[in-house]
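Undergrad: In the order they appear, the protein sequences are chains H and D. Quick note: the first sequence uses my numbering, first residue 1, plus one each step. Quick note: the second sequence uses my numbering, first residue 572, plus one each step.
Treat the hints as calculated values from the structure; they're not laboratory data. Positions of the beta carbon are idealized from the N, C-alpha and C atoms, including for glycine. Please note that a few of the clues may not be correct.
Stated by the list, open to error - Covered stretches of chain H, as calculated for chain D (at least 3 residues, CB under 8 Å):
{"id": "1", "segment": "283-297"}
{"id": "2", "segment": "356-366"}
Claimed, not checked - Using C-beta positions, here's what the derived DEER-type ranges look like:
{"id": "3", "chain 1": "H", "residue 1": "PHE542", "chain 2": "D", "residue 2": "ASP843", "range": "29 to 37 Å"}
{"id": "4", "chain 1": "H", "residue 1": "VAL288", "chain 2": "D", "residue 2": "GLY728", "range": "37 to 45 Å"}
{"id": "5", "chain 1": "H", "residue 1": "LYS353", "chain 2": "D", "residue 2": "GLY728", "range": "41 to 49 Å"}
{"id": "6", "chain 1": "D", "residue 1": "THR1069", "chain 2": "H", "residue 2": "ASN180", "range": "14 to 22 Å"}
Said to hold, decoys possible - If you want a taste of the chain D side facing chain H, the calculated C-beta under 7 Å gives, among others:
{"id": "7", "residue": "GLN693"}
{"id": "8", "residue": "TYR695"}
{"id": "9", "residue": "ASP824"}
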Amino acid sequence: MMSSLSDSNSFTNYSASSNSFPTNNSQRESFDDFTNIEQCLCPMCNEPMVSISQLYRHLSDSHDIQLDSFDSSTDQKDDGFIQLFKKAQSTFLNPLSSKAKNIAKLPQMAINKVNDVDSIWLDEQSDLVTKIHWQFEDENDLCSNSTCDKSLNLRNGKYNCRKCGKLYCDTHCRLPMRLNSKALHDPEGIWCRVCDDCFQSREGYLDTEGVTRSHTTTFIKCRTKGIERAHLEGNRLEKRLEKLAKIYSTQSSPENNSQSGLKPSLTIMHRRRDSEQSVVKWEDDASVSCCPLCQSQFGKMINRRHHCRLCGRVVCEKCSFKISLNLTNCSDNDSVGEVRACKTCRDAVFRRKEYNEEISKTPPVAMLYQKLMKIKAAIDTTLPKFQDMLIMLKSQEIVNQTHADYQLAARTRKELLDNFAQFDAISKKINSLLARSKTEKRLQANIHLAANQYLQQNMLPLQVLPKLLKKEHDNDYYEDYHDSSPDMLLSVFDNGRTRTISTSSTKSFQGEEKIRQQLAVLLEQETLVQGYIVDATKQRKFDDVKTLKTALDELKIEINKTRKELGSLWP
Amino acid sequence: MDVVKAVQNYINKMVNEVPGMKVLLLDAETTPIISNVMTQSSLLSHETYLVDRIDNRNRDRMRHLKCICFLRPTTDSIQLLVEELRDPCYGDYHLYFSNTIKKSSIERLAEVDEQEVVREVQEYFADYCAINPDFYSLNLSLPQHHLYGDSKHIWDGKALQRVVEGVLAVLLSLKKKPLIRYERISKMAEKLAQEVLYQIQEEGPLFDFRRTDTPPILLILDRRNDPVTPLLSQWTYQAMVHELLGIHNGRVDLSDVPDIRPELKEIVLSRDQDPFYKKNMYLNIGDLGANIKSYVEEYQSKTKLSMNIESISDMKRFVEEYPEFRKLSGNVSKHVALASELSRLYEKENLLEVSELEQSLACYEQHSSDLKSLQKLIESPKISEESKIRLVILYSLRYEKSPNNVITSLIDQLHKNGVSEHKISLIGSMIQYSGTEQRQDDLFSNESIFSKGKSAFKGLKGVENVYTQHSPHLAQTLELLIKGKLKEASYPFVGSSTKDRPQDIIVFMVGGVTYEEARHVAQINASTPGVRIVLGGTTVHNSDSFLNEIQDAFYRFQQSGSPAGTRPPKFGRSRR
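Looking at chain H on its own, in the form it has when it is part of the complex (with noise of 0.2 Å):
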């Protein structure tokens, strides 16, 4: 076995073949090596392997070498090694002879990688996976991928993908999925060969939603408990600042009336004390050393101790409030007096209440916003409308259009011009409003922002569409009218005046109708170039301001024109 190799005819060809192989003898003595040690390594991958007939399994088990001659007898080992390395160089050649350009490039080695994945994984599964749906052949079919019209034939291939059952070229029928029998895709079913269109539109190939998960139900549940408790507990203190609410009133009015200003005498503050304590039980003054909501030792003098009139706790000065008594519960005026709570009690008495009334108030900047939602609501539901119109318009102008549609459209696409004003203008107004914060400011100014954004998607391109319509009411009214002038804008104001001056006074009404269109959509734009002036200054990009500037001025002439036009119609 040894002999037969170190003689080694594919060694020979192997560096005939590459005359410019550069290491000739290294190679030379490690293919000695290689030989010679009884544990050899595969060719391919270095795995050191026990015994040839090993490596032999190996070869067809991991990298599909199939060594067609193989058998356990000697002789025959002999051969198929020889054949091995055959294809061992064949592999490392090939590349080289072939496309040695193409090769350095990834792609063209990710194709041929392809390659001979089809090969193995696309069966001929014939009598597994029906082909009653296949299409038939014919002598001149086309490969069906709409972006292919290559011919089918031997060069090019010829294949029916085996799940829609069309025909297609090699190239475009190569990709490996699993069906069942009836041609359906089944992950349990056989590798089969399919089209680019059957792999893509698999179920939750495309998909790019991904998971998510919801805890509202857990959160709920957890939050239902506490708040009952924070709930009752809340009452409760309520009822303690009513009951307090009316000791002040029944002992202090008498004493307010009669000598206001002047503080109540002991007798009534021992009084009122031992009221206040009826309602809840304080607590010893002697058992507390510290405050128990900020830990800060109280003295004789300094930092003396405060009783909470709701909850009885003793606290320091800085972590109790004095709050107003109400004998109702909404008003602020009548007080009757004030008592000390504790920083905790307010909370939970007062912050749900405040809240409450926070989220009920709604500022000017939330009220203009519902405004402007609900015109772009409007917009919004009015916009495809008119565009079905235009659409049905254009369709309509071979049959001969009627008169109704076209004022309906013409109807529509001023209210939806109306509502573009009124949206741009709410959007101005909350940007002027007066904010009370920088954060306030930066949400009217975005909201502005925003606002502006969705004019220039919506409202830039619906001036673009009463030029068709304006084409067309030209192509009917004026058919004997041609106009070389490419200038759509000029033409119409041309087929303006000519209206005026050789028509009846109806006829009139419409041009002068079609002129104050135009105006509107002049001025329009003369706002829209200010606008971006404006932008561009900021930026300092001069060159543009330039091109502005002369942009405006022009429009400006032509708006004067179109003024004193509307002005000479009525004399």
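Since the structure of chain H is already known, use the hints to place chain D on it.
TA: Positioned in the frame of chain H, the structure of chain D alone reads:
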């Protein structure tokens, strides 16, 4: 399998589900996740008018706004949220967490929500930065995150936790329940693979997806098996910008560039917003130059057109096209500024010369001639110290086991040329981190006879461009994987295994990935129908950040036990 779309989808869902004026509240980690894939205008169009940080305690009360919180469920964020809910600034709260949230945290939040402002609590698994449709990063970079624990084979506990969560989020957002393979030699890859498998099993119901024809593969690799790729100078647009200027969350800082216009001090590179960038991000600088030229010409012709406005229709057209035109003009000046800065830096650092030697060291076994040019470059005052260090590291990695290597004399030569000690110590650290002993595949194809033959043939192929000969080790690994020929002995499975050829592959590289690898993955995706690959890693490295990470890690290994001394200065080029 599009990570950008997956993240965008999550965010759109958040802002769409809640109608009305909204504020978006983020934390330090979710901010880059959003800013990588969303623009302000797309948020505005969904009525999200304010974006703020939850750690900003000076927010105004605006009860008429609804609040969307998108947070990573870290202890810090939960604590901040508890404080927020105790005293809510806004009307309604919709809580979205970027990963699984603990039951105890939910209970804590529920307890403080006495005003009943929370309307919704959800987990949306957008817990990574999507950079390209097939490229993501977990943004674990210094100085906030250390990857390595007490030795080069052990994870830092926090980092591992974050990485496991990040990988799980990638899988969940793409709806994949993969089989997991890892690089056998890497202890860190193995640990990560086991953790991910454990978590998948723990979270059973979450991973209940439609069965696929062939199971997707999660391939966990380790940077140390290919330390070469992040050390090379880059020549394709995206990679080049990151190597020389650094791309951080889609932004490039140009404030150091001489005579830069104020509006270009910080620029945004976004595939979605910038079609020119999308088209050219993978092109090399030669093709890029030509494209920028024609881009400028296109702009000029448009300017000319807008300059001569003669009729109303011209004007009308101009007005309609103006926003588009203005966008174009901004974009043109951005790319021109960027490209000219790149070429200035290349010239300043003589990177052409350096890169040629880098490529030769990375690709070919040519000891004597490469050594000669290496010694010449070390002597040259025009070459930056950083480049010299990188070249010597490349030399040492390749010839580490070769008996006639002269690593020590090269180090002496570096000393003589005034390269500072802490920079030189990196050479030793790199060998320890990623020398032959630490790698499992024959990276330089010089370890066995057959691979030597292979590399000799590689030299015959005829090269198109001397600067782009190197192809990262990852490309080869992926080719084998696609063919179903990646050996189980070197890349074992954890859990169940398969012999099938994979169709969907998710790669995660411990220790960081590079834009060069991202480009190769994009190429494979484009040229291999039926196979989809998504690549990601702990961070996206350029040579500076890579060497910094190694320096930092080895510095800490040496310091463990003794009190910390002065930290070595950061490795990296100065731009001026």
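Undergrad: It remains to establish, for every hint, whether it holds in the given structure.
TA: Verification of the hints:
{"no.": "1", "hint": "283-297", "in the structure": "violated (count 0)"}
{"no.": "2", "hint": "356-366", "in the structure": "holds (count 7)"}
{"no.": "3", "hint": "PHE542/H / ASP843/D: 29 to 37 Å", "in the structure": "30 Å, holds"}
{"no.": "4", "hint": "VAL288/H / GLY728/D: 37 to 45 Å", "in the structure": "43 Å, holds"}
{"no.": "5", "hint": "LYS353/H / GLY728/D: 41 to 49 Å", "in the structure": "47 Å, holds"}
{"no.": "6", "hint": "THR1069/D / ASN180/H: 14 to 22 Å", "in the structure": "20 Å, holds"}
{"no.": "7", "hint": "GLN693", "in the structure": "5 Å, holds"}
{"no.": "8", "hint": "TYR695", "in the structure": "5 Å, holds"}
{"no.": "9", "hint": "ASP824", "in the structure": "20 Å, violated"}
Checked against the numbered hints given earlier, the structure breaks hints 1 and 9 and satisfies all the rest.
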